[in-house]
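Residue numbers (the UniProt record's numbering), protein chains in the order written: chain A, 1 to 275; chain B, 1 to 297.
Derived from the structure by calculation, the hints contain no laboratory data. Just to be clear, a hint being listed does not mean it is correct.
So, partial list: chain A residues that the calculated Cβ filter (under 7 Å) puts toward chain B [as the list claims (entries may be wrong)]: (1) I123; (2) Q225; (3) G249; (4) L251.
On a predicted model such as this, the values are computed, not experimentally measured, just so you know. We put the beta carbon where it would ideally sit given N, CA and C, even for glycine.
Residues per chain, in single letters:
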Amino acid sequence: MAARERTGFVVYGLLLAVGIASIFPLYWSFVVSSKDNSALGETTPPLLPGGNLLENVGKVFETVDFWLAMQNSLIVAGTVTVSNVLLSSMAGFAFARLRFPGRDSLFLVVIGTAMVPAQLGVIPLYLVVGELGWYGRLEAVIVPGLIGAFSVFWMRQACEEAIPSELLDAGRVDGCSTARLFWSVAMPAIRPQAAVLAMLTFMTAWNDFFWPLIVLDPNEHPTVQVALSRLASGYFTDYSLMLTAATLGVLPVIVLFILLARKVVDGVMRGALRG
Amino acid sequence: MRRTGERLAGYLMTAPFYVLFGVFGLFPLLYTAWVALHHWHLINGDTGFTGLGNFAVLLQDAHFYNALFNTVSIFVLSTVPQLLAALGLAALLDRPLRARTLWRASVLLPNVVSVVAVALVFSQLFAEDYGVVNWALGLVGLDPVDWRSDRFASHVAVSVMVMWRWTGYNALLYLAAMQSVPQERYDAAMLDGASRWRTFWSITVPAIRPTIAFTVVVSTIGGLQLFAEPQLFDDTGTNGTGGADRQFQTLAMYLYEKGFGEFDAGYAAAIAWLLFLFSAGFALFNFSLVRRMRGGE
Numbered sequence: 001m002a003a004r005e006r007t008g009f010v011v012y013g014l015l016l017a018v019g020i021a022s023i024f025p026l027y028w029s030f031v032v033s034s035k036d037n038s039a040l041g042e043t044t045p046p047l048l049p050g051g052n053l054l055e056n057v058g059k060v061f062e063t064v065d066f067w068l069a070m071q072n073s074l075i076v077a078g079t080v081t082v083s084n085v086l087l088s089s090m091a092g093f094a095f096a097r098l099r100f101p102g103r104d105s106l107f108l109v110v111i112g113t114a115m116v117p118a119q120l121g122v123i124p125l126y127l128v129v130g131e132l133g134w135y136g137r138l139e140a141v142i143v144p145g146l147i148g149a150f151s152v153f154w155m156r157q158a159c160e161e162a163i164p165s166e167l168l169d170a171g172r173v174d175g176c177s178t179a180r181l182f183w184s185v186a187m188p189a190i191r192p193q194a195a196v197l198a199m200l201t202f203m204t205a206w207n208d209f210f211w212p213l214i215v216l217d218p219n220e221h222p223t224v225q226v227a228l229s230r231l232a233s234g235y236f237t238d239y240s241l242m243l244t245a246a247t248l249g250v251l252p253v254i255v256l257f258i259l260l261a262r263k264v265v266d267g268v269m270r271g272a273l274r275g
Numbered sequence: 001m002r003r004t005g006e007r008l009a010g011y012l013m014t015a016p017f018y019v020l021f022g023v024f025g026l027f028p029l030l031y032t033a034w035v036a037l038h039h040w041h042l043i044n045g046d047t048g049f050t051g052l053g054n055f056a057v058l059l060q061d062a063h064f065y066n067a068l069f070n071t072v073s074i075f076v077l078s079t080v081p082q083l084l085a086a087l088g089l090a091a092l093l094d095r096p097l098r099a100r101t102l103w104r105a106s107v108l109l110p111n112v113v114s115v116v117a118v119a120l121v122f123s124q125l126f127a128e129d130y131g132v133v134n135w136a137l138g139l140v141g142l143d144p145v146d147w148r149s150d151r152f153a154s155h156v157a158v159s160v161m162v163m164w165r166w167t168g169y170n171a172l173l174y175l176a177a178m179q180s181v182p183q184e185r186y187d188a189a190m191l192d193g194a195s196r197w198r199t200f201w202s203i204t205v206p207a208i209r210p211t212i213a214f215t216v217v218v219s220t221i222g223g224l225q226l227f228a229e230p231q232l233f234d235d236t237g238t239n240g241t242g243g244a245d246r247q248f249q250t251l252a253m254y255l256y257e258k259g260f261g262e263f264d265a266g267y268a269a270a271i272a273w274l275l276f277l278f279s280a281g282f283a284l285f286n287f288s289l290v291r292r293m294r295g296g297e
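All chains should be built: construct the whole structure from the sequences, respecting the hints.
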């Protein structure tokens with residue numbers, strides 16, 4: 001028993017070390033955000049917060065239109081999230097619970113393409129978006145993200161596991177239309193999985209970088225990530241400003257994460273959230 | 001009557017998916033092949049069929065091989081230690097713990113931080129003169145490292161960012177798999193007097209091998225697409241060259257440089273295809289490697 005307790009101590013010690021390593025870069029980013037830029041030039045790096053936070057936040061909003069960027073990110077991530085949940089619940093329900101010719105092969109296409117790197121299609125996607133006249137506009141980021149293979153896969157899984165067959169059959173016997181079955185029987189049953197998908201989708205959309213960087217104009221309509229990359233691109237060398245912006249950009253997702261930590265963890269443990 | 005209704009509903013409910021996915025997902029994937037066979041200016045469009053011309057040039061392009069080498073080097077440096085660390089971390093999290101969710105959440109936290117923020121913060125941590133990393137090295141009596149200009153050091157720095165963001169995530173995947181290993185196997189091992197270490201390698205690891213294979217494949221595909229971390233690590237700007245001597249330019253950055261910096265869409269599409277072939281081949285190779293590990297059940 002005594003030996004067991006000692007092991008416990010070592011385990012907690014190791015976990016604590018990992019926890020500190022997880023948090024330190026974020027903490028340090030916050031420390032720098034609260035300092036004057038000159039503090040970074042000292043031989044001993046600052047490890048405790050200073051009193052310049054508000055001033056730096058003010059400077060971020062002066063230097064780039066960070067409100068606009070935040071607003072854009074919110075519009076993009078919000079729309080993409082709502083749409084993914086709705087559309088993929090519908091598709092997932094159909095793939096899991098309805099019978100129609102071609103269903104299985106169509107679903108195989110979904111799985112297959114989910115494994116292909118998005119970068120493979122980025123040049124033609126740019127051409128498609130150009131044909132539609134969407135360069136530099138939020139539509140370019142929103143519309144291609146309205147639904148994804150991963151979301152469909154996730155909701156199909158949910159529909160297979162969480163909807164009792166008896167309930168569907170009973171509904172059918174009572175003469176419910178398929179739309180009615182979906183809305184009144186399936187949706188309530190898969191709500192928890194839909195909530196997890198919503199969180200994961202929001203975080204992924206908020207953090208997306210490669211495609212927004214290509215198709216959005218950093219001066220016109222940037223998302224937060226694109227605005228951040230502009231702050232880092234050598235036009236500015238004020239590091240405390242840069243990390244203040246980084247801290248601000250991370251904040252919404254961190255808050256969401258802290259509020260819903262248990263659900264996010266459960267979602268990931270079910271094999272979700274791709275990179 | 002019901003059958004027809006169900007069919008119709010099936011098509012209607014999946015229609016938004018077909019349309020959106022077809023136009024913005026599948027079509028671009030296929031169309032890349034067509035673009036790759038042409039001289040194609042990103043803005044001016046198709047300027048002539050060249051067949052495999054782009055690929056022929058690409059296979060003689062020193063910058064391409066440089067980017068390929070960097071990508072594989074960073075991939076290996078980040079993935080191997082990362083997955084081993086994740087395995088160890090999962091074993092720790094698998095013990096009966098107080099405040100279980102707190103520990104799990106704290107290891108997952110880095111994963112929800114955007115790559116851009118990660119790259120910005122780590123770029124400062126790895127700064128040559130005043131960075132925290134070099135300061136810490138100084139505390140233990142080591143010389144400061146020039147993390148940006150040295151090829152190997154820059155690969156290590158970028159790998160650390162990748163590891164920081166993904167180790168906890170993979171640990172949770174392993175943890176989930178570990179928790180479904182039947183208890184009887186552990187009881188049997190205990191009866192045989194196997195040590196904790198022995199039990200871990202002979203029972204736990206083989207039992208979760210499918211999950212390990214999955215993480216290896218996903219890390220391979222993700223690792224070969226690496227873009228934001230090295231791109232933002234370059235303090236000379238975001239043109240995508242990855243340092244003055246391209247010492248940390250990855251394939252995805254080269255694709256970006258060619259396609260969106262020089263507007264050579266045909267060439268960039270060819271890079272995209274080779275990138276895809278490499279990741280598919282590499283993923284398959286790694287997958288079979290993992291499957292063959294420990295004799296194959």
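Hints and how they fare:
For I123/A, the interface hint holds, since its Cβ comes within 7 Å of a Cβ in chain B; the closest pair sits about 5 Å apart. A least Cβ separation of about 5 Å between Q225/A and chain B falls short of the 7 Å threshold, and the interface hint therefore holds. A hinted interface residue such as G249/A counts as satisfied when its beta carbon comes closer than 7 Å to some beta carbon of chain B; here the least separation is about 6 Å, so the hint holds. Annotation: L251/A was flagged as interfacial toward chain B, and the flag is violated, the nearest CB pair being 10 Å apart, outside 7 Å.
Hint 4 from the earlier list is the only one contradicted by this structure; the remaining hints agree with it.
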